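Number of protein chains: 2
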Amino acid sequence: MATFEGMEQVKSAISRYVDLTEAQWEQVLPLWKERSFDKKEVITASGDVERWFSIVKEGVQRIYFEFDGQEACIGFAYGGSWSGIFDSFVTQAPSRFVLQAVTPSVLLSIEHTDLQRLYGSVPQLERFGRLMLEEVFVGRAVREIEQLTMPAQERYDRLMDRSPHLLQLVPQKDIASYLGMSAETFSRLRAQK
Amino acid sequence: MATFEGMEQVKSAISRYVDLTEAQWEQVLPLWKERSFDKKEVITASGDVERWFSIVKEGVQRIYFEFDGQEACIGFAYGGSWSGIFDSFVTQAPSRFVLQAVTPSVLLSIEHTDLQRLYGSVPQLERFGRLMLEEVFVGRAVREIEQLTMPAQERYDRLMDRSPHLLQLVPQKDIASYLGMSAETFSRLRAQK
DNA sequence: AAACGCACTTGACCTGCATCAAGAACGCTC
DNA sequence: GAGCGTTCTTGATGCAGGTCAAGTGCGTTT
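Residue numbers (my numbering), protein chains in the order written: chain A, 4 to 196; chain B, 4 to 196.
These are computed hints drawn from the structure, not numbers from a lab.
These numbers come from a predicted model, not from an experiment.
Treat the hints with care, since some could be wrong.
As the list claims (entries may be wrong) - Over 10 angstroms on every C-beta distance to chain B, these chain A residues come out as not near it, computed from the model: (1) Trp28; (2) Glu44; (3) Arg99; (4) Arg143; (5) Lys176.
Claimed, not checked - Rough simulated footprint, nothing fancy, chain B against chain A, three-plus residues with beta-carbon under 8 angstroms: (6) 72-86; (7) 127-139; (8) 145-154.
Even for Gly, the Cβ is constructed at its ideal location relative to N, Cα and C.
Start from the sequences, fold in the hints, and give me the full structure.
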């Protein structure tokens, strides 16, 4: 079970979407667990079915895809945001992606089966489930649109606006990969500022 | 309500995922409606919330995104496959995409509210809902991975393997856009075969 | 503190694909 | 079936960004 601060963080994250009664919180909160990972530890491997939906308590994680020796970074998760392989979590099909801790990380997680059961006993949670899924969908769609319609330069600018701290937290090569450009191009873009 | 053939098609599409009793079919089938669209008619506009989940009875549709005068094609739907703006349908948030009939189209559709209600009264349908969502997710992820990791040539080959008939059905410029290349490049790739 | 590895920078080169442009071949409409 | 718009082809040109290579700095290990 999560620590006291952990439970508080889960409560405040969910509270942004729905109000629950004290009795309901007592059903919801005990199901969340605290999970810790070392730097570079793989949290969910390719081929695994994602069992957990998580809120990031500490650290940064990345989602990437492997193909003939290369890696393509698909997304990041950090303080306060959701973490996990959402498509695999939702569909309970094996993931083709890897979730890895970039920095030492602590996640507050709930199991798929527990969440499903909660949907039955605490109907308001459905709204939470829908809205967090919406955020994930929108995030993916925004990235897809940006990749399709913007040059490297502009994609860089936008990411720096949205997540200026990211640069301090993760290797530049991962950000470059996320933006769909080589590490060299990324470096050059930074230089001319 | 749908025609007799329409209901048969809905039944066989759902039957691939779950078995229902006759009594259950009688709850499910009457909620599906037949909707017809002219060539080039917009089915779901940008900004709309997607109300419908559909099975394609006839015709081809495309999903695209508009930005400063350009269009980026995100996907196609045709005979037997699902159609709709799935992320907007699932999240009930306004769509940033457009769904348009490329050829005259007939869709067999169920409303979001009706489907939600059915999940309550026919629990087996949840499985259907999950599996069709899985297909959509997987389709999106496959395309994302292909865009990221393959040169234009190979993306072209793969699409032609997967959907050889597509070329007869929709303008080449839309396929080119879907593959993330210019119409000219697409034309040249075809020529050298 | 020496030594190794890894991330980052910078330069030179090269190429895949976009863009521009101009013609050919289809549909539609009247 | 004449005319017009739209789609498709083909050629010429240009450039964004990938690749290769060599060097620099830093954090870790021993």
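Exercise. Beyond 10 angstroms from chain B, beta-carbon-wise, is Arg143(A)?
Worked result: violated (8 angstroms)
Exercise. Is the nearest Cβ of chain B still more than 10 angstroms from the Cβ of Glu44(A)?
Worked result: holds (24 angstroms)
For this session: Grab the minimum beta-carbon distance between Arg99(A) and chain B and tell me whether it stays above 10 angstroms.
Result: violated (6 angstroms)
Exercise. For the segment 127-139 of chain A, do three or more residues have a beta carbon lying closer than 8 angstroms to a beta carbon of chain B?
Worked result: Coverage by chain B holds for the segment 127-139 of chain A (4 residues, Cβ < 8 angstroms).
Exercise. Any Cβ of chain B at or closer than 10 angstroms to Lys176(A), or is the non-interface label fine?
Worked result: Lys176(A) is indeed farther than 10 angstroms from all Cβ atoms of chain B, at 15 angstroms.
For this session: Check, residue by residue, whether the segment 72-86 of chain A contains three or more positions whose beta-carbon lies closer than 8 angstroms to a beta-carbon of chain B, and give the verdict.
Result: With 3 residues in contact (Cβ-Cβ under 8 angstroms with chain B), the coverage given for the segment 72-86 of chain A holds.
For this session: Between the segment 145-154 of chain A and chain B, see if three or more residues pass the 8 angstroms beta-carbon test, and mark the coverage as holds or violated.
Result: holds (count 5)
Exercise. Once the closest CB in chain B is found, is it more than 10 angstroms from Trp28(A)?
Worked result: Since the minimum Cβ distance to chain B is about 25 angstroms, Trp28(A) lies beyond 10 angstroms and the statement holds.
Of the numbered hints stated above, those contradicted by the structure are hints 3 and 4, listed in ascending order.
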